[in-house]
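Turn these sequences into a full structure, and let the hints guide you.
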Amino acid sequence: MTKEHLLARLHLRALLPTLAELVRIDESAQKIIENWNFTVRFTSATGISTTLQFKKGTLFVDPERRFYFPLNLMFASDKQVNNLFTKQDRAVPIPIWGLQYLPAMLHFQKLTNRLENILKASVKDLQSDEDLLRKHVRLLMGRVIPAAVAQLGTYEAESQAILKSKVGMIQIEVKDESIKSWIQCSTIGRNGDSRPSLRSGFGAAPTAPDFIMSFRDLPTALLSINNELDTMAAATGCDISIRGSLPLGEAVSMIMERVALYLKN
Amino acid sequence: MQITTKPSKTSKKAETFATYDKSMELFGRARQVIPGGIYGHTTPTLVGPGASPYYAVKGKGSRYWDVDGNEFIDYMCGYGPIVQGYNHPEIETAAEKQRKRGDCFNHPGSVMIDLAEKLVELVDFADWCVFGKNGSDMTSWATQVAREYTTRKKILMVRGAYHGVDPWCTPGHGGLIEEDRAHIHYFDWNDPQSFIDQVKQHPNQVAAVITTPYHHPTFADSVMPSHDFLKTIREQCDEHGILWILDDVRSGFRLNIGGSHRYFDFQPDIACYCKAIANGYPLSACVGKNDYKISATKVFLTGSYWGGAVSMAAALKNIEILERDHALETMDAMGDRLFKGFKKKAKAHGLQITMSGPHAIPFMTFRNETNFFRLQHFAEECLKRGAFIHPHHNWFLSAAHTEADIDATIEIADAAFASVKEKFGS
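Line by line, the protein sequences give chains A and B. Count along the first sequence from 1, add 1466, and you get the number used in the working numbering. Number 370 in the working numbering belongs to position 376 of the second sequence; there are no gaps in the numbering.
FYI, nobody ran anything at the bench for these hints, they're computed from the structure. Hints may be right or wrong, so weigh each one.
As the list claims (entries may be wrong) - If we take Cβ atoms under 10 Å as the criterion, some of the chain B residues that face chain A in the derived model are:
#, residue
1, F21
2, G30
3, P43
Unchecked claim - Calculated pairs, DSS-like style, for lysine-lysine (alpha carbon to alpha carbon, straight line, at most 27 Å):
#, chain 1, residue 1, chain 2, residue 2
4, A, K1497, A, K1469
5, A, K1730, A, K1576
6, A, K1646, B, K417
7, A, K1641, B, K91
8, A, K1586, A, K1497
9, B, K16, B, K52
10, A, K1641, B, K194
11, B, K112, B, K287
12, A, K1630, B, K194
13, A, K1646, A, K1590
14, B, K91, B, K52
15, A, K1576, A, K1545
The beta-carbon is built from N, C-alpha and C at its ideal position, and this holds for glycine as well.
Set out below in structure tokens:
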């Protein structure tokens, strides 16, 4: 699996779906989409797709292909996906069908810009604006990072080697902030041919967690997101509470650190 | 003992629990100037952050005290080295006597010869002996000796085994490159075929196999070796000219005074010792057969403090007492008492536990638990009542543990089991 393909996966399966949470928690984003009523599907040439359905001021994200007749934007390559997300060129995906919705997409960049403003907020801005910090941590710790870990754990060789055959449910949370997300590690295949398969979600873990990583507060979570936290000292100093299967938690933490190798820009 | 009084949910009378205010205060300073604050195997992160001692002050016999004044009956024994109890008077006297003469010189002391002779006498296959300070010093050096002797590259080791912190074997992840383990290959404990497969896959390339005498992985039950497994390793080594390195760092001189291979009845070619050799003084040793002595001379071996005479004087006295006082039998008996007591109390609470490992190096897990929530809670409940046990690493008995210590610990475990039952059910 090439780095280009993995990055496209992260863009389409971890970053793009975060728009749903953005419009749920951010008034500016809500305002942008309040009159949007269309469905758009982003599809890479290698078959990765994510569908966004805007309806009456809400956004529903579906990695499956359950919606009919959306505006289907086909990228010619994984690189084209990545270039669009990283704004490295102005390559435009090819509309396959649903052309009647194309005009509605003209303002789509306003929404992605809003997401970018929060995710890429400067440390100075985050330190001076608690609401911005809350949204930043919520979107990254609650959505982008768990989803990215799920993609890497399932498709990246290095992450699969880290996970080996570890299975279990992981809950990540920031105390007193109602920020919770989960990552479920399981394996598929058998008879010596099994490999990790991960999925993730926002909110409390759907089954009893096997490992819980709980950040004391938003600043601690922010340091962790930026890979600037002395995790060992934070755990011993009780800035982070870690309970349960430490080998599972360690493996997932290592994959979390790998996310930055792809999404640091 | 620094205490707070809380009403127990499981007992009518008030219990006194350990607190860690001073520990946390000191840790606040430590983390400013020390990466991780407390790093390595002594990190409280694995034991119980905020609920376990961070800094020790003094020890005596089977007990030690932390900076908060909490007293613990100790079942980790400095993670193994304390085999006679803390501050054993005879060992301390022997060490002090040497210290007054000097420790670090331009030359080794004659005590090094005395100790080497003693170890060669004790370990049945040993013809020579060298010294280092830590287990890794010896395990890594032993692999080099095997490579020198065989002129081969490959080392076979058991998956999940611990042999130290050098790049070829560290359980850590940072700072490693693929080449560090390019010639390290893995097989499964107690799986003879898995070992045979590795030997077959690397014909005439395997210099050595390194194993512990029994499997004591972190986060899992200890597993005794099967006769077939040990027999297969010996046969394959003999057939293919592979050296068998015994990493007896953790259990050496706790199970059998002649080395753990005699406890389990097998014969390695080289063996590494450390923890129980000098009752807490820094020393490790490696012994081997005469066949490998010339190769041993060709692998450079040194360290700034590796000739330190104080540790060697302490080791000599420690070994003398181990033999004289039948200390290993004491540890075995106390461990057996602990095994039985824990099992009985767990059963009384309707909890299923597994006690694993030799009696002198016990470990406990809750049966069918893979996420350790119960075990972590159990350990914290024991800690706050004054018994230091580890939820993820095997424990250690010392010859200083008395029946009274064991019985007090069993009562502590009883309360801890009750708390586990209350929180998690049976």
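For each hint, the structure was consulted:
Using the Cβ-Cβ criterion of 10 Å, the hint placing F21 of chain B at the interface with chain A is satisfied: the shortest such distance is roughly 6 Å. Among the interface hints, the one on G30 of chain B holds; its C-beta lies about 4 Å from the nearest C-beta in chain A, closer than the 10 Å criterion. Using the Cβ-Cβ criterion of 10 Å, the hint placing P43 of chain B at the interface with chain A is satisfied: the shortest such distance is roughly 5 Å. Distance check on the hinted pair: K1497 of chain A and K1469 of chain A sit about 36 Å apart at the alpha-carbon level, beyond 27 Å; violated.
A threshold of 27 Å between alpha carbons decides the hint, and for K1730 of chain A with K1576 of chain A the separation of about 21 Å falls inside it, so the pair holds. With a C-alpha separation of about 23 Å, the suggested pair K1646 of chain A and K417 of chain B falls inside the 27 Å cut-off, and the hint holds. With a C-alpha separation of about 56 Å, the suggested pairing of K1641 of chain A with K91 of chain B is violated against the 27 Å cut-off. The straight-line distance between the Cα atoms of K1586 of chain A and K1497 of chain A is roughly 21 Å, inside the 27 Å bound, and the hint therefore holds.
At roughly 15 Å between alpha-carbon atoms, K16 of chain B and K52 of chain B fall within 27 Å of each other, so this suggested pair holds. At roughly 54 Å between alpha-carbon atoms, K1641 of chain A and K194 of chain B are farther apart than 27 Å, so this suggested pair is violated. Taking the CA atoms of K112 of chain B and K287 of chain B, the gap is near 17 Å; set against the 27 Å cutoff, the hint holds. Annotation: proposed proximity of K1630 of chain A to K194 of chain B holds, straight-line Cα distance about 24 Å (limit 27 Å).
A hinted pair counts as satisfied when its Cα atoms are at most 27 Å apart, and K1646 of chain A with K1590 of chain A qualifies at roughly 25 Å. A distance of roughly 21 Å separates the Cα atoms of K91 of chain B and K52 of chain B; the hinted pair therefore holds under the 27 Å criterion. Among the hinted pairs, K1576 of chain A with K1545 of chain A is consistent with the structure: their alpha-carbon atoms are about 22 Å apart, no more than 27 Å.
Taken one by one, the earlier hints fail for this structure at numbers 4, 7, 10, listed in ascending order.
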